[in-house]
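Number of protein chains: 2
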Amino acid sequence: MLNFNFQNPTHIHFGVGQIEAISKEIPLNARVLVVYGGGSIKSNGVYQQVIDALGKHTWFEFSGIEPNPTYDTLMKAQDIIKAESIDYLLAVGGGSVIDGAKFIAAAALYEGNGEENDPWDILAKQKTFTKALPIGAVLTLPATGSESNGNAVVTRYGNKRPFKSPLVRPLFAVLDPSVTLSLSDRQISNGVVDAFIHTIEQYLTYSVNGKVQDRFSEGLLQTLIEEGPKALLPATKENLDVRSNIMWSATMALNGLIGAGVPQDWSTHMIGHELTGAFGIDHARTLSIVLPAVMKVRKEQKREKLLQYATRVWQITEGDDDARIDQAIRLTEEFFEKMQVPTRLSDVDLDSKDIDLLIERLQQNGLTALGEQGDITLEISREILTLAL
Amino acid sequence: MLNFNFQNPTHIHFGVGQIEAISKEIPLNARVLVVYGGGSIKSNGVYQQVIDALGKHTWFEFSGIEPNPTYDTLMKAQDIIKAESIDYLLAVGGGSVIDGAKFIAAAALYEGNGEENDPWDILAKQKTFTKALPIGAVLTLPATGSESNGNAVVTRYGNKRPFKSPLVRPLFAVLDPSVTLSLSDRQISNGVVDAFIHTIEQYLTYSVNGKVQDRFSEGLLQTLIEEGPKALLPATKENLDVRSNIMWSATMALNGLIGAGVPQDWSTHMIGHELTGAFGIDHARTLSIVLPAVMKVRKEQKREKLLQYATRVWQITEGDDDARIDQAIRLTEEFFEKMQVPTRLSDVDLDSKDIDLLIERLQQNGLTALGEQGDITLEISREILTLAL
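Protein sequence lines correspond, in order, to chains A and B. Residue 336 in full-length UniProt numbering is what sits at position 336 of the first sequence, and the numbering runs on without skipping anything. Residue 338 in full-length UniProt numbering is what sits at position 338 of the second sequence, and the numbering runs on without skipping anything.
Careful: at least some of the hints might be erroneous.
Which copy? The list can't say, so a pair holds if one copy fits it or any two copies do.
[Stated by the list, open to error] DSSO-like, lysine-lysine: derived pairs with alpha carbons at most 30 Å apart:
#1 K164 / K24
#2 K127 / K164
#3 K131 / K76
#4 K76 / K24
#5 K353 / K296
#6 K76 / K237
#7 K127 / K24
These are calculated hints, taken from the structure and not from any lab test.
This is chain A alone, in the form it adopts within the complex (with noise of 0.2 Å):
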């Protein structure tokens, strides 16, 4: 195992009912900016339920968050920020939504280095800050683990920029399941196969005998493969059980733990990123379409813990290990097909002559060395491409 610091503070209220938890978190005196995305937390009722938990608070709202948040749109709640001296984010929505929080939170209060004050430098120089407004989160598409973790992806130019900051990390964050009840079925999809592959990139490396690791890892991937077909289908998809599981899969994927003190993999991600950067496709739908020729290109030096992956999450107990190997990853693509995702850069349209912009964006963006161990290059990105034609 390596050695690891390891630390998550949000105070995760679970459960039906539990939105009226904010109402507590917050203090009274705060002055609160709900940010949320289109008008779905209208329809479905969380709206409601999150203003009358904040009936003795004073709060301002600002909308209009989209999928992939942008720069441009997140800078506008500076404005109100300023106008109305909030000192209190609530985000209420999916990883977007509390992606773009954070970016706001950090925003509000950036100073930079003292010359300029540019918050783009947040993203686009990876500068630090030490302050940034508190976060508290209305969790309602389960996928992205963001409720309860410190990073976030902001959209600009077309471009993907990650950041991170403990500072961030919501203080609190409310998991009600039946909020996901009304979610679509490309919603949940997209959700469940985020989850997995979050768990999947810091699983699927070299063995650093972490054993407690690598069996959340392990649990957390085979709920998702048995309760995310069951979201899809009329007879189970309304079962708050196969919900309430996949919400907490979800959250515990990318909150830290299972990936402390073990070797870690972004390159799906990485590539993943440049797809919809490049072509606008769901992030979920580009990873399940990079992750099996991840899988087959890199056979050699994940074999050890693919051979794991295919005896523990699969039950794969037959056959030398080339097959047993070779019949993990065909069940990954059956799962991903299950969950009506695209498994080939063909199934959305894309075909060998899309990838050279690919490549040249990895490229512009330094990303020419991915992997747990560095040595994912330009090259073999092109390969891993490729393959997933």
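For this one, chain A is given, so just place chain B on it according to the hints.
Using the frame of chain A, we list chain B on its own:
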């Protein structure tokens, strides 16, 4: 899954050499009281590492906290706390030292209800408190999980009394697995068994379909079953991966995570506490005696989970339900035997005439409705103890 609240802000510093992290975790202007037990931290080098790390701090020390720490010992620390205006506690030791520090921290700032302020009320009357000194922990014995939870057990008049509060949860905990190399086999055994049973008590109840919690628990149980015996075998006992996996399992077993959203059954601990109180048997050794009998007596109530335990933790696939459950219980006992702890009252020279005293003590302490359903009456506790003879 049941509704739940979960928050665990303890900052974990895991790995060889991490003791130096305390120099940054404790504010430089703090007046620190280092609390510890006997002299073992002086002979194994931990004490020296701690005082090296506190080189720029103002610190004092209080030693002599015994296993199953007593109220009388702990209250002696109040003198130096007052005399030196201590405002930070650093607990260096195992669960007893950290539990002791928690009581010291609460007692130091205890104001009671305004009429009297006897810290004994925290234990005797379960009085709540609103302030406690901040605590950091350097863990030397993986077992109780006390390093990242808000629970403690203190003994007075021969009775073990628990209390809990988020105010006494350590702000940070250093987990350096190399520190555990100087432990005796008996300390390692006790620690592994304690962590194993903590996990069982949050797992072996009735199913609420909490798939993440179940799989995390199963992962901890499997890890402890695999790694525990290795820590006793000459060929593997010095292996740092073994020590790391045990140490991280023990912390995760009782930091609140696996028990969030699921029913719990602490009857083994409650009955075990009386065995320690009445006969001075090591805490973990009371648990290994009581648990198999609890499993047998509560077989019907725990049937579904016992079958899951048999299948997933022990990979038992042959035989009918009863046979699989019986085999899982037998394998649990064999695991305890490998860990060199007793599984019967007769192993610690107790017999049927000692049971009356234990039942009497359970009654005196109001422990007449134990278990996940509160239906383990004194009569059933007697049945459990009788089966444990």
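Legend entry - Homomeric proximity label, K353 with K296: Cα distance no greater than 30 Å: within (21 Å within a copy, 66 Å between copies)
Legend entry - Within, between, both or neither, where K127 and K24 count as close if Cα-Cα is 30 Å or less: For K127 and K24, only the inter-copy Cα distance (23 Å) is at most 30 Å; the intra-copy one is 34 Å.
Legend entry - Up to 30 Å CA-CA - K76 versus K131, copy category: Answer is within; shortest intra-copy Cα gap is 19 Å, inter-copy 42 Å.
Inset, instruction - Go through the copies and call it for K76 and K24: within, between, both or neither, with a Cα cutoff of 30 Å. - result: within (29 Å within a copy, 38 Å between copies)
Inset, instruction - State whether the alpha carbon distance between K76 and K237 is at most 30 Å within one copy, between copies, both, or neither. - result: The answer is neither: 37 Å in one copy and 60 Å across copies each exceed 30 Å.
Inset, instruction - Please work out whether the CA atoms of K164 and K24 approach to 30 Å or closer within one copy, between two copies, in both situations, or in neither? - result: The answer is both: 27 Å in one copy and 21 Å across copies each meet 30 Å.
Inset, instruction - State whether the alpha carbon distance between K127 and K164 is at most 30 Å within one copy, between copies, both, or neither. - result: So K127 and K164 pass the 30 Å test inside one copy only (10 Å; across, 41 Å).
When held up to the earlier numbered hints, the structure conflicts with hint 6 and nothing else.
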